Amino acid sequence: MTKTGMTDARVLQLLQAYGAWPMAWPEHEREAAEAHLAAYPERFADALADARLLDSAFEAEPMPEPDPSLAARILADAPQPRTSRDSLGTRLSRILMPNGRRWPAGAALASLGMGLFAGYTASASSVPVSYETEAEAVVYAALGYDQYDTYLEEAPLDE
Amino acid sequence: MSDAAAIARFDDFLPRNSHGRRYAQNVSDSSERDQIARAAAGDRMAQSALVNRHMPVVWRVAFRMLRDRQEAEDVTQETFLRAWKMLPEWEGRAKFSTWACTVAINLCRDRMKKKTPVLMETLPEREAGDLPPEQALHQKQAGARIATMIDALPERQKEALTLSALEGLGNKEAAAAMQVSVEALESLLSRARRTLRQALAEGQEE
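Residue numbers (this note's numbering), protein chains in the order written: chain A, 1323 to 1481; chain B, 128 to 333.
Hint data in this document are derived by calculation from the structure and do not stem from the laboratory. One or more of the hints may lead you astray.
Facing chain A, a subset of chain B residues (Cβ under 8 Å, in silico) [claimed, not checked]:
#1 A167
#2 V178
#3 M182
#4 P183
#5 W186
#6 E200
#7 G270
#8 I273
#9 A274
#10 E313
#11 R320
#12 T322
These stretches of chain B come out as covered by chain A in the derived footprint (C-beta under 8 Å, 3 or more residues) [as the list claims (entries may be wrong)]:
#13 157-166
#14 231-239
In this text the structure is predicted, and so the values were computed from the model without any measurement. The beta-carbon is built from N, C-alpha and C at its ideal position, and this holds for glycine as well.
Bound-form chain B, shown alone (with noise of 0.2 Å):
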């Protein structure tokens, strides 16, 4: 099988919530080891699994935090440059998805240190399907609302939002990659929700 092929979208199999959201795919852990020994030993249909399920997520994560395409891909080809190195001791590790978000979380705060602020870049369009166009804009506009209110956000509510409600990790692994406990992360989350609901009732307001 080429690469193009082995690189299938996988990720639109995955379980989403109400809202469409994905949620984090419950692999085995047997299953995930054997995965991650074949990868290890070359295989490119393992490889590209692991790569499906888990890229599209560090992408993510990274430019949520980021706000830059370019600096989002340059932390996720990092983060499994370092995978791929380690991945020949791997043996009673963590999740990979965990693993792979704290190093891709990690990577993110060490770029923001050395970055002065700059403006937010545009996200890409989403296709708005078959919405009528002035739902499709409203829909837009509310995207690009909230999407500027979770920027807003402290660095660390921020992350617990992305991991826990945007790209859908439960609360073990979200805290185990922001290396924080639960009670921590369930903290983050309520401020980040509060703060949240504030902006959208003074957005409402005016």
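Looking at chain A on its own, in the form it has when it is part of the complex (with noise of 0.2 Å):
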């Protein structure tokens, strides 16, 4: 046995198997056996040889090969574009939501994102609701008063 775990008996079974061509051999094998072989190529010598004989056999078998009508015979029964079948609605609704379902609904939620974040920007640098704007103090000034509360204090009341 060598480092690799492969043994004797598994490259002779390998061999047997799956012919003499590395490719054959099972990918998670292939290389601790092709390591073993080359490390002790006198006791596989035999097998290799009689391997290597079938696949040259193979190798004169005939590959047949099938109708070049047939591909396209196959193609045939294909299914369809969706396209020439769909329905008035599928179509628009393609058009209004071209990349499926799943692109509307982050839509709606990244708006939702938008408007809560516009709404709380808004409420929070919104002028309060006091005499105290420039607007005001410039109106109360050319009505005579210097603020608000000297205009409630001296403004007489409806009655």
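Dock chain one against chain two, each of which comes alone in its own frame, and use the hints as you go.
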């Protein structure tokens, strides 16, 4: 047994089952088997010769080919593009939702988020309802009051 | 692109072993899933690619089992007809090649049960290329001899040999297509090869 865990018996099994061509061996054993074979070639000389003989015989086996028109006949039965059979509703939904149903859901979520954000920032930055705005001060000054409080104190109450 | 152009032979570009046999192309799962999804949606290029990659293998497996070109075509068409119906719900299924070979093998088994033994159809001739006439004749005879020997194998051994040695499927894929374990596949292959080695040796002695 080599360091890889490969044994003489397993290499013989591989040669007898899959032949001499390493590409035909199971992928996970290929490297270890090749290394084992290279390390002890004399042990496998007969098995390797037998396997090669059979592989050569397979190569002589005529490789039949299908009729060239078969592919076209198979493709004639293949599913047609969906557009030709789609209903009006399906076509309309494709225009409205070009990326499928996930797109409007994502867009709605994004719109909701943007709305909430805009609402929050607008309310936070809006001018509080008070008399201390510049415009109001100008108006009260024009009326002859220093500020709204003075106006309230001095203005006659409607009775 | 026309269908004729789309179905140009990609098979020629697939990897081959030292003897020129095709070896199964490693298409990634995600790439195959994408191709299947597009084929299901009616994409002609994706459909053509699936047919070009898998149809010759399916047909050869069927032909080697049934030894009848027309029947092999029927099995291949039936296999793809089922595939077209399955594609929309393909998610999570086996590799396409494994699934297609499994369906084809089962269809062949059904047909073989109904069939009475018939004489083997003459194999299609392969072009001899640049070989000298004598060598070409020798190769043709050797090819016919090994084809007859393979044809005489028990059904399951012939299936294993066809998928693994002749069509180049990996051991797991061939085992899955035959619905047997990898160990069972190896056993079938070993027995098939032993029988063929003996037959070849006897042929050389004669």
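So, going through the hints one by one against the coordinates:
no. : hint    : verdict
1   : A167    : 6 Å, holds
2   : V178    : 5 Å, holds
3   : M182    : 6 Å, holds
4   : P183    : 6 Å, holds
5   : W186    : 4 Å, holds
6   : E200    : 6 Å, holds
7   : G270    : 4 Å, holds
8   : I273    : 5 Å, holds
9   : A274    : 5 Å, holds
10  : E313    : 4 Å, holds
11  : R320    : 6 Å, holds
12  : T322    : 11 Å, violated
13  : 157-166 : violated (count 1)
14  : 231-239 : violated (count 0)
Consistency with the previously given hints fails for numbers 12, 13, 14, ordered from lowest to highest.
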